[in-house]
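Undergrad: Chain L is fixed; fit chains C and V onto it per the hints.
Chains as they are written, first to last, in numbering that gives the first Met the number 0: chain L, 0 to 251; chain C, 0 to 245; chain V, 0 to 338.
Hint data in this document are derived by calculation from the structure and do not stem from the laboratory. Remember, it's a predicted structure, so these values are computed and weren't measured experimentally. Glycine residues also receive a C-beta, built at the ideal position from the N, C-alpha and C atoms. Among the clues, some could well be false.
Once the Cα atoms are required to be at most 27 Å apart in a straight line, the calculated BS3-like pairs of lysine-lysine come out as [said to hold, decoys possible]: (1) Lys-115(V) to Lys-73(L); (2) Lys-240(C) to Lys-169(V); (3) Lys-333(V) to Lys-127(C); (4) Lys-108(L) to Lys-60(V); (5) Lys-115(L) to Lys-333(V); (6) Lys-250(V) to Lys-156(C); (7) Lys-169(V) to Lys-73(L); (8) Lys-92(C) to Lys-41(C); (9) Lys-156(C) to Lys-135(L); (10) Lys-169(V) to Lys-130(L); (11) Lys-303(V) to Lys-11(V); (12) Lys-77(C) to Lys-156(C); (13) Lys-77(C) to Lys-185(V); (14) Lys-135(L) to Lys-115(L); (15) Lys-250(V) to Lys-77(C); (16) Lys-41(C) to Lys-334(V); (17) Lys-113(L) to Lys-135(L); (18) Lys-11(V) to Lys-113(L); (19) Lys-66(V) to Lys-16(C); (20) Lys-17(V) to Lys-66(V); (21) Lys-17(L) to Lys-334(V); (22) Lys-115(V) to Lys-17(L); (23) Lys-11(V) to Lys-333(V); (24) Lys-11(V) to Lys-77(C); (25) Lys-210(L) to Lys-17(L); (26) Lys-135(L) to Lys-11(V); (27) Lys-108(L) to Lys-171(V); (28) Lys-41(C) to Lys-127(C); (29) Lys-333(V) to Lys-185(V); (30) Lys-17(L) to Lys-66(V).
What follows is a list of derived Cβ distance ranges for each label pair [claimed, not checked]: (31) Gly-59(L) to Leu-322(V): 33 to 43 Å; (32) Val-164(L) to Ile-32(V): 49 to 59 Å; (33) Leu-4(C) to Asp-167(L): 36 to 46 Å; (34) Leu-319(V) to Glu-67(L): 13 to 23 Å; (35) Cys-3(V) to Gly-124(L): 45 to 55 Å; (36) Gly-70(V) to Asn-194(C): 52 to 62 Å; (37) Val-18(V) to Asn-186(C): 46 to 56 Å; (38) Asn-186(C) to Val-264(V): 24 to 34 Å.
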Amino acid sequence: MSNAVLEVKNLHKQYEGKAVVDGISFEINAGDIIGFIGPNGAGKSTSINLISTIVEFDQGNVMYLGREIRRHEKDYKKALGIVPQDLAIYEDLNAYDNVKFFCSLYNIKGNQLKEKVKEALEFVGLWDRRKELPAKFSGGMKRRLNIACAIAHSPKLLIMDEPTVGIDPQSRNNIMEAVLRLNKEGTTIIYTSHYMEEVETLCNRIVLMDKGVIVEDLDKQVYKSKYAAQGLHSLEEIFLHLTGTDLRDMEV
Amino acid sequence: MDHFLPLLSLGLKRRSKDFFVLFYSIVFPMIVILLLGYLSSKSYGNVLSSYHYYAIVTVPFCSLMAVSTVSYATQDEKMANTSLRFLTAPITKVELILSKLFSCAIVLSLCNVVTLGAAKLLFQMDFKGNFFNIIILLTAETFMVSGIGVYLGLAFKNLNAVRNFLNLPLCIFGFLGGAFFPIGSLNPIFAGIINTSPLTWVNRGIVSSIYDNNAQILWTVTIIFVLIGVIFTGLTILFFKKEAFK
Amino acid sequence: MSTCIVFTNNFKRGLSNKVTFLITAFIPIVVIILGICANYFSQPSFNIGLLNSEQSDVSQKVVQSLKDTKGIQVGFASSSTLQTDLITGKFTAVVDFSGEEGHFTLLSSKNESVTKELEQLINRYMADPVSIIDINSLQETSLGIPQRTMAFIVMVLMLTSTVTASIMIKDKNTGTFTRFLYSPQKVATYIVGNILYNFTISYIQFVIAILMISLFRVDIGIHYYNLLLMGIWVSALATAFGTCIASLFKKEMYANLFSSCIALVLSLIGGTFVAVDRMPTLLTYISVISPTRWVIEATTYMEKGHLWFSTPKYISILTLFILIFAIIAIISNKKGARK
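Isolated chain L, as found in the complex (with noise of 0.2 Å):
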């Protein structure tokens, strides 16, 4: 019996003819943290909406806890958090309300609402700015207020599309810390970045994309002695390794 959690098969998305995601398949276990890395054009955000029921695929198959996400869309959506890399917040509501309107779409009422907000808004340390407008908030701020957002109804699967980009190492480093103490409660995060070195600390498993399809799928032990042999230590290494050095002018 599988330990996947979700488990994606031979996904195929054409946009115009064009192969995007080209037959990507992969699996996550419960208590993973997935680095999804690739260069630029690679599918990732493509395949992260697709995942995310965003986009309709193609081809193939994306099963949650062994069910067809297509077909228990709402149950699998309930168990979902994500944290887009564009900031997704209403500038005309303060922090606590922001966190309150999007906990609520996912049926949670009352007391439990009200715990719901004040944990993911201490969670990310801003509970006592939860009365300000986001048009007060530093950049980091706002990624940590986005992120409140998408956590705050206690997903069980969390995608994370480069939530540090853009903001002071203290930010980051709060970010990372939060990510390993959201694991740790038992959420499984798919994360994305182009920070070899937040993937190489976070992620215990990477899944490298590139050019619509899966090029590496290891652990991160394995990954690290498999390619220790060739001289490539760091991730940054493995990454250019296997992608190259040129420079990706995909079409969006």
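TA: Frame of chain L, contents of chains C and V only:
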């Protein structure tokens, strides 16, 4: 003013490629002229047809409505997130403001020429040699409208609140100016209210130059519009806020 | 339940800018004043200009008779602005009595029948200046205050509800709509929540408009209970229209400008400025696609003393318009969600 021409050129390209601006300034006025002209065709006699009347009053009305369009146009860079590049480049605010002003004024004026020219051809309108003068008046109106729009877009604090309701006073001006039907009153109070609309004077200027061979109102209004445009441009330069542009 | 969440959230967002919220709520005051003024200006009446200030005895008596006639105002015209005054509506007609005694010249930019009626009127006063004539029978029907006011209300509510509905465009651009899609909620929940919010705002505006009508003591001949019921459909119509427009465009500017174009055209063909029975035949057929026409007809129907629920005709027609706009909005949002 080294950067004025490239900025102007960019503004002209953006405005002239904006399908919606062209629709709103050419197609929409023609639809209104045809509709209102047809609606009231039975009510007019031999002096002028309903189409002639509505061609005369609709073009200035739609020009005035372009205040909204201009205020949006000034926030192009804000929407496209390129404003920071403008603010950090060695571009003076005068160059920036004037490029916005003239790019909008030129494109909108050309739209007026096209609309009025189309109306002239379609409805066999006889301007009695005043076509060029009327174009100058409409250009002055467009200059004023652009000046006000640029001011709202770049120097006005709470543009979003105002912009949502901007159409209402403009429609009121249009109504008082006779854009929907000829309006007049011998009651001094109502006559005074009617005279508060700039469109009242534009329309009177155009009509008197064509049908009474008297261009005095036309030229007076033209000068006033240019002055108002200059004043608002000056105010914009004075009160230009980087926050509004960023 | 989730719809209520979206509804409440939009209220919180709207109230975060209290000034804008209050202006939105009280715009109907301007509309009512506009409607009353529009009706005053378009009331059957003639402004007659006198070209020559020196009048003979006969013409003086005629002028006095004209002044005494209800619906006619007399003023002095200038030959240098003669055509301008006629065309711009300052004068319906200009009379010149400077010729032979008992003769006059009448100039007008109006059609032949109006000119003839005025000539006949003046001839009758020349023959008998004492008997003042009732000119109502000479004049074509026009929209009454209730019809014109309701038509203006519909037009303005359409514009303001598009502005309110633009919140959806803002959500799409800021990514919060996408975040909504990540949740187990359906797109319809989001749209319905927004519609409910928009409807509430529109109905508040409508109620304020009715309050203004009563404050100004404008007798519109319709019971307030009927008006409030009608207001539900009018507000729903405006809301559905605004939501439809906002769903079709990616930029607030396009939505707002397009809505003003469409609202104006629908008002024109619906009979806001020229009554449907005075339109050319072809346009009377085209006007059936304008909800304004049906609002005006419903107002006329209720002015005769009928109740709002006494006939299903207008309720059905307006409901049909509401459904059409709502369906377009839902389809458009679903397409956008898929993209």
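Undergrad: So, for every hint listed, does it hold in this structure?
TA: Right, here's what the structure says about each hint:
Note on Lys-115(V) and Lys-73(L): the hinted pairing is violated, with a Cα-Cα distance of about 74 Å set against a maximum of 27 Å. Among the hinted pairs, Lys-240(C) with Lys-169(V) is consistent with the structure: their alpha-carbon atoms are about 23 Å apart, no more than 27 Å. Straight-line distance between C-alpha atoms of Lys-333(V) and Lys-127(C) comes to about 55 Å, which puts the hinted pair past the 27 Å bound. Taking the CA atoms of Lys-108(L) and Lys-60(V), the gap is about 82 Å. The hint is violated against a cut of 27 Å.
Between the alpha carbons of Lys-115(L) and Lys-333(V) the distance comes to roughly 30 Å, so the proposed pair goes past 27 Å and is violated. A threshold of 27 Å between alpha carbons decides the hint, and for Lys-250(V) with Lys-156(C) the separation of about 21 Å falls inside it, so the pair holds. Under the criterion of a C-alpha separation no larger than 27 Å, the hint pairing Lys-169(V) with Lys-73(L) is consistent with the structure, at around 26 Å. Among the hinted pairs, Lys-92(C) with Lys-41(C) is inconsistent with the structure: their alpha-carbon atoms are about 53 Å apart, more than 27 Å.
For the proposed pair Lys-156(C) and Lys-135(L), the alpha carbon gap of about 18 Å is at most 27 Å, so the pair holds. With a C-alpha separation of about 22 Å, the suggested pairing of Lys-169(V) with Lys-130(L) holds against the 27 Å cut-off. About 42 Å separates the Cα atoms of Lys-303(V) and Lys-11(V), which puts this hinted pair outside 27 Å; it is violated. A distance of roughly 15 Å separates the Cα atoms of Lys-77(C) and Lys-156(C); the hinted pair therefore holds under the 27 Å criterion.
With a C-alpha separation of about 32 Å, the suggested pairing of Lys-77(C) with Lys-185(V) is violated against the 27 Å cut-off. Proximity of Lys-135(L) to Lys-115(L) is assessed by CA-CA distance (about 23 Å); at most 27 Å being required, the pair is judged to hold. Distance restraint check for Lys-250(V) and Lys-77(C): the Cα-Cα separation of roughly 13 Å lies within the 27 Å cut-off, and the hinted pair is therefore satisfied. Distance restraint check for Lys-41(C) and Lys-334(V): the Cα-Cα separation of roughly 45 Å exceeds the 27 Å cut-off, and the hinted pair is therefore not satisfied.
Between the alpha carbons of Lys-113(L) and Lys-135(L) the distance comes to roughly 23 Å, so the proposed pair stays at or under 27 Å and holds. Proximity of Lys-11(V) to Lys-113(L) is assessed by CA-CA distance (about 17 Å); at most 27 Å being required, the pair is judged to hold. For the given pair, Lys-66(V) sits about 57 Å from Lys-16(C) by alpha-carbon distance, which is inconsistent with the 27 Å threshold. For the proposed pair Lys-17(V) and Lys-66(V), the alpha carbon gap of about 51 Å is over 27 Å, so the pair is violated.
Between Lys-17(L) and Lys-334(V), the direct Cα distance comes to roughly 21 Å. Compliance with the 27 Å bound is thereby established for this hinted pair. With a C-alpha separation of about 74 Å, the suggested pair Lys-115(V) and Lys-17(L) falls outside the 27 Å cut-off, and the hint is violated. A C-alpha spacing of about 25 Å is found between Lys-11(V) and Lys-333(V), which places the hinted pair at or below 27 Å, so the restraint holds. Of the supplied pair hints, the one linking Lys-11(V) and Lys-77(C) holds, its CA atoms being roughly 26 Å apart against a limit of 27 Å.
The suggested pairing of Lys-210(L) with Lys-17(L) holds, with an alpha-carbon distance near 11 Å, which does not exceed 27 Å. For the hint linking Lys-135(L) to Lys-11(V), the alpha-carbon distance of about 18 Å falls within 27 Å, and the restraint holds. Among the hinted pairs, Lys-108(L) with Lys-171(V) is consistent with the structure: their alpha-carbon atoms are about 26 Å apart, no more than 27 Å. Proximity of Lys-41(C) to Lys-127(C) is assessed by CA-CA distance (about 25 Å); at most 27 Å being required, the pair is judged to hold.
Taking the CA atoms of Lys-333(V) and Lys-185(V), the gap is near 10 Å; set against the 27 Å cutoff, the hint holds. The straight-line distance between the Cα atoms of Lys-17(L) and Lys-66(V) is roughly 81 Å, outside the 27 Å bound, and the hint therefore fails. A beta carbon spacing of about 38 Å between Gly-59(L) and Leu-322(V) agrees with the range 33 to 43 Å that was offered as a hint. The given range of 49 to 59 Å is respected by Val-164(L) and Ile-32(V), whose C-beta atoms sit roughly 52 Å from each other.
Against the hinted window of 36 to 46 Å, the Cβ-Cβ separation of Leu-4(C) and Asp-167(L) comes to about 41 Å, which satisfies the hint. In this structure the hint that Leu-319(V) and Glu-67(L) lie 13 to 23 Å apart at CB is violated, the actual value being about 39 Å. Our hint of 45 to 55 Å for Cys-3(V) and Gly-124(L) is violated, since their Cβ atoms are close to 31 Å apart. Restraint check, Gly-70(V) to Asn-194(C): a C-beta distance of roughly 23 Å breaks the suggested window 52 to 62 Å.
Separation of Val-18(V) from Asn-186(C) is about 35 Å and departs from the stated range, judged on CB atoms against 46 to 56 Å. Against the hinted window of 24 to 34 Å, the Cβ-Cβ separation of Asn-186(C) and Val-264(V) comes to about 32 Å, which satisfies the hint.
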